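Go ahead and model the full structure; you've got the sequences and the hints to work with.
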Amino acid sequence: MKKAKVIFLVGPTGAGKTAVSVKLAKKIKGEIICCDSMQIYKGMDILTAQPSKKEKAAIRHHLFCIRKPSEPFSVAEYRKLALKKIDVIHRNGRVPVFTGGTGLYAQAVLDGLFSSPVEDLVLRKKLYAYAKKYGSRRLHERLKKIDPAASRKIHPNDIRRVVRAFEVYKTTGSTISDLKSAATSGGVRAKYKCRIVCLFYKNRQAQYKKINDRVEEMFESGLVDEVKRLLKVKLSKTASCALGIKQVKGLINGVYSLHDTKELLKRDTRRYAKRQISWFKRDKAIKPVAIDSQNIKKILDSVLALI
RNA sequence: GCCGGGGUAGCUCAGUGGUAGAGCGCGGCCCUGAAAAGGCCGGCGUGGACAGUCCGAUUCUGUCCCCCGGCA
22 MKKAKVIFLV
32 GPTGAGKTAV
42 SVKLAKKIKG
52 EIICCDSMQI
62 YKGMDILTAQ
72 PSKKEKAAIR
82 HHLFCIRKPS
92 EPFSVAEYRK
102 LALKKIDVIH
112 RNGRVPVFTG
122 GTGLYAQAVL
132 DGLFSSPVED
142 LVLRKKLYAY
152 AKKYGSRRLH
162 ERLKKIDPAA
172 SRKIHPNDIR
182 RVVRAFEVYK
192 TTGSTISDLK
202 SAATSGGVRA
212 KYKCRIVCLF
222 YKNRQAQYKK
232 INDRVEEMFE
242 SGLVDEVKRL
252 LKVKLSKTAS
262 CALGIKQVKG
272 LINGVYSLHD
282 TKELLKRDTR
292 RYAKRQISWF
302 KRDKAIKPVA
312 IDSQNIKKIL
322 DSVLALI
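Basically our numbering = 1-based index in the first sequence + 21.
Any given hint might turn out to be false.
To be verified - Heads up, simulated BS3-like pairs for lysine-lysine below, C-alpha to C-alpha not over 25 Å straight-line:
| hint | residue 1 | residue 2 |
| --- | --- | --- |
| 1 | Lys295 | Lys308 |
| 2 | Lys146 | Lys166 |
| 3 | Lys283 | Lys253 |
| 4 | Lys23 | Lys308 |
| 5 | Lys308 | Lys270 |
| 6 | Lys267 | Lys253 |
| 7 | Lys166 | Lys191 |
| 8 | Lys24 | Lys214 |
| 9 | Lys23 | Lys165 |
| 10 | Lys101 | Lys267 |
| 11 | Lys255 | Lys89 |
| 12 | Lys255 | Lys267 |
| 13 | Lys146 | Lys23 |
| 14 | Lys89 | Lys106 |
| 15 | Lys89 | Lys75 |
| 16 | Lys255 | Lys47 |
| 17 | Lys63 | Lys214 |
| 18 | Lys212 | Lys223 |
| 19 | Lys50 | Lys89 |
| 20 | Lys47 | Lys26 |
Claimed, not checked - Now the in silico label distances, taken between C-beta atoms and shown as ranges:
| hint | residue 1 | residue 2 | range |
| --- | --- | --- | --- |
| 21 | Ile87 | Glu140 | 29 to 37 Å |
| 22 | Ala211 | Pro93 | 24 to 32 Å |
| 23 | Arg181 | Ile87 | 20 to 28 Å |
| 24 | Ala97 | Asp179 | 16 to 24 Å |
| 25 | Glu140 | Leu252 | 30 to 38 Å |
By construction, these hints were calculated from the structure, which means they are not laboratory data.
Values in this document were obtained by computation on a predicted structure and should not be read as measured data.
Cβ coordinates follow ideal geometry from the N, Cα and C atoms, glycine included.
So this is what it looks like as structure tokens:
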């Protein structure tokens, strides 16, 4: 039996994934699935560069705007929803096209996740308090005793991972290393004919220019008002991580000038893009498509040739 | 023109009579239930120019050039 196809269109922010994804989906009878940890939130259209109404009307989009900004979200939850969508879309005889820049989400769908417990907020709070009091090094030392392998991999300063490793052990009785080396469940990579394409700029300067321009546009389209609106409710920990919220909050509170806010957001977005590139370079199955212009037709042709 | 302050990494600056550092930028990397998050690594730069003192000057002295503030 011929394997059904699943497409992933990934790449750093500002590469033009959204526009390409719509053209691509039209061409191959595809439907788009959000592969972005922030675009799953509604009410953050400018902040997350949500696809336009027109784009959404042209092609079926899934998993966009499915959570309120007050609600938390996680990779595991994402993976579950994404797998369901793949089935539904295949059943309709169409091709799922995952589009977005969250590498971890793509990986979770492709390779699955090892089974680990949901977050234990109470325990987590305690662990952070401990780390704050005695230093994360001390917590790391303790981790070394229960899970030497994990302690070797996790840097003492990487408090989140140190805490998580502890949390996993305390709630399940098994170490995160053991869980990790046990079989990961539900990866899609072998089950379907997966094609992963990453758009990236040949020239870093061109990419940074695009990012800088986009930040300016976001402000012109009403970013500040959008953030003001969002801040009226208590944002979940996840939603509040969206790039732009912290920076614009500083502007609203009078901590930064408009100019400084823009520069800060540009800088943080550049750094984010850099991290995305690092992430996508790791997976050897990812096929790179170099872009040097915004000629969508050309980009689309390159993508089509690879899938 | 005079008085004062200053010219050190792409930027902002620190420091020292024995050839220099910190933040930011920038580059590279790691990554499994917060991932647009979190973490790690990376600094030879004509120390404005020239001359002098000294065993030795980026650090002291002199001259010149440039910048900033004040007075004219």
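Going through the hints against the structure:
no. : hint                           : verdict
1   : Lys295 with Lys308             : holds (18 Å)
2   : Lys146 with Lys166             : holds (21 Å)
3   : Lys283 with Lys253             : holds (22 Å)
4   : Lys23 with Lys308              : holds (22 Å)
5   : Lys308 with Lys270             : violated (38 Å)
6   : Lys267 with Lys253             : holds (14 Å)
7   : Lys166 with Lys191             : holds (13 Å)
8   : Lys24 with Lys214              : holds (6 Å)
9   : Lys23 with Lys165              : violated (47 Å)
10  : Lys101 with Lys267             : violated (29 Å)
11  : Lys255 with Lys89              : holds (11 Å)
12  : Lys255 with Lys267             : holds (14 Å)
13  : Lys146 with Lys23              : violated (49 Å)
14  : Lys89 with Lys106              : holds (20 Å)
15  : Lys89 with Lys75               : holds (22 Å)
16  : Lys255 with Lys47              : violated (38 Å)
17  : Lys63 with Lys214              : violated (31 Å)
18  : Lys212 with Lys223             : violated (32 Å)
19  : Lys50 with Lys89               : violated (30 Å)
20  : Lys47 with Lys26               : holds (15 Å)
21  : Ile87 with Glu140: 29 to 37 Å  : violated (20 Å)
22  : Ala211 with Pro93: 24 to 32 Å  : holds (31 Å)
23  : Arg181 with Ile87: 20 to 28 Å  : holds (25 Å)
24  : Ala97 with Asp179: 16 to 24 Å  : holds (20 Å)
25  : Glu140 with Leu252: 30 to 38 Å : violated (24 Å)
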